[in-house]
Amino acid sequence: MEKFIYLDNNATTKTDEKVLEAMLPYFKEDYANPSSMYNPAYVTSRAIDNARSQIADFLGVENKKNIVFTSCGTESANSAIMSVFNKSQNPTKHIITTAVEHPCVMAVYEHLEKHHGAKATYARVNENGELDVENLLSKITPDTILVSIMHANNETGAIYPVYDIAKEVKKINKNIKVFVDGVQAAGKIPIELDNTDIDFYSISGHKFHAPKGIGALYIKEGTLFDPYILGGHQENLKRAGTENVPYIVGIGEASMLAKEALTIENTKVKDLRDKLEKGILAKIPNAKLNSKSKSRVPNTTNIGFEYIEGELILLYLNDLNICASSGSACTSGSLDPSHVLRAQKTPFTCLHGSIRFSLSRYTTEEEIDYVIEKLPGVINKLSKISPFQNELKELWGDKFNE
Amino acid sequence: MWEYSDKVKDHFKNPRNVGEIKDADAIGQAGALSCGDKLKLYLKIEDNIIKDAKFQTFGCGSAVAASSILTEMIIGKTIEEAKKITNKQIADELDGLPPEKMHCSVMGREALEDALKNYLNDEDWSELDEEETEEESKIICHCFGVNEKQIIDAIKINGAKNLEDVSKLTGAAMACGRCKDAIEAIIHTYVKEENKVLNPIQKIIKINNVIETVISPELQKDFGDIELIDVKDNIVIVQLKGHCSSCSNAKLTLKNFVERKLKELVDDEITVTTEE
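Sequence order for the protein chains is A and B. Residue numbering for the first sequence follows my numbering, beginning at 208 and increasing consecutively. Residue numbering for the second sequence follows my numbering, beginning at 1125 and increasing consecutively.
Fair warning: there could be bad hints in the mix.
[What the hints assert, rightly or not] Listed next, with one range per pair, are the computed distances between beta-carbon atoms:
1. B:LYS1356 / A:GLU428: 51 to 59 Å
2. B:THR1337 / A:GLU428: 24 to 32 Å
3. B:GLN1363 / A:ASN297: 17 to 25 Å
4. B:GLN1363 / A:GLY438: 41 to 49 Å
5. B:LYS1365 / A:HIS323: 16 to 24 Å
[Stated by the list, open to error] In silico EDC-like cross-links for lysine to aspartate or glutamate, where the CA-CA straight-line distance does not exceed 20 Å:
6. B:LYS1345 / A:ASP350
7. A:LYS381 / A:ASP401
8. A:LYS210 / A:ASP526
9. A:LYS591 / B:ASP1134
10. B:LYS1304 / A:ASP543
11. B:LYS1327 / B:ASP1354
12. B:LYS1375 / A:GLU320
13. A:LYS294 / B:ASP1354
Rather than coming from a laboratory, the hints here were simulated on the basis of the structure. Being a predicted model, the structure only gives us computed values, none of them experimental. From the three backbone atoms N, C-alpha and C, an ideal C-beta is built for every residue, glycine too.
Using the sequences and the hints, build the whole thing.
What follows is the structure in structure tokens.
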């Protein structure tokens, strides 16, 4: 067994050995600036070109020119939203997103509303964490210029019907732009962007075994784009700054490997996730499933432990060398627990004790068995510290004092 | 990852005095399930001395550690001694807590206070109060012990205008942020007071300034503009010009942007309208 059991792959992933191998020459021999006028520069610019083809293929895009490399998923999201905002001539810019979005979208929406006079509306989800599409569409006004939706939720793994939503949005008004944050979908489910109504789609390399610090943005052909970072002529004038060649090679390689591994994700990884989820729910009486959406990425489960606080669980798991994450307020240093779980009205009893396990193709059955074996003891021990003894005894029954 | 001291780690991994005292002489509580932490403290008191203490905590690692060390700190102490324990002493005893976690020590202190209050009658409690505190201002930020007077001084003397200013000047709200609403309320009261002294002429000048320097430049970006026509009490009459005058969204601009800005920067009571 490895040094630690890593079940936090929605936070970041381990860089694949093959990805690292592919990157290394671009640190050592092939370091030329791709914009330069000599043969070594031809090597690096061709490497970028190749990576662009790989990403286009990964996203189901025929024309690789529609792919722009960025520094991360957040930059991709920020630049797409800001571009739509800056290009719009509408004086009352109305922008829509969901209540469960990642901060890389939420923070931009709040910023535009606070400082640039935009009007932002947030569409709700139901108690299973499924997006209320009717509700979202009903929020469209004649001033709506942008709809942003994530493809998959980072905390619960819920998949939202982005292709259908984009289609419906364009039926109402073809001028409304649709941005999809695909960071948590890439590498977990197939993506096909050609012949859809999606205008922008963002991905982040380190969520699918490329290193941190590299992302990409798909921009639909013919879409006006206002660059976020100004400077040189790189990336077809859409993103200035000398290209991060080794990392671009890395995300290209990782996307190719991720596409090949999609079957594994949806068979082996999914089976292990299901085993973990069923095992925990069967063995731990105060465990409740938070990932209730019918459609879900194969690697994620979010489980709430009633009457216990999440950070405490993580600290005990850490002692067992198990890495997971929590939507508890205490882990973030903020006052508020997960906005995603609150949006789906997760009861207070297990809101603060929610733990997310996110697997990868490197997760082994041995590791999952170990977690299923150890976790009940941890939760039982922590239950005994809780002031909600009556509630917990009722849930655990005879097993409470075993 | 939090930088917990070894002592904090020891106390949340091996919490002391966990559980309930069936025939407790005093029970104290602090926090709530909805807030993400709750502490229940049980005391056994004989001859004015705390003979035993046990706790049950729903909360993070530092909340459990603070509860655990608190029980160790108070066992054997007299009521008077226990009452003097501050949240800072609890944190110090743990070799410190990260700033964001100081509220965990506050919760310990609150549960202890609640237990002792429940044990003593009101008279005895206030007698104890008088001994140690002179007329002191109400504590607003418990994590860093910042009181109301310090916050008002920050506004009145140092010119703090918002939460950020108050935080920088007093250290309040730098940790858990639970006191943010209370501080905002104080800011609202005392910063607004300045506006109340604006005479009608000063008010019109301020409205005009906001329109010229904040609102108009924004509208000009969309080839529109705005002109101040009249001010009647809190009714501001304006005329939209350029593209704005014929724009179908003029009404929205007026309410969502012009009125909102004037409310924010001049007076909450302002309504904006165009000449009929």
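Violating hint indices (sorted, rising): Hint check: 2 and 13 fail, others pass.
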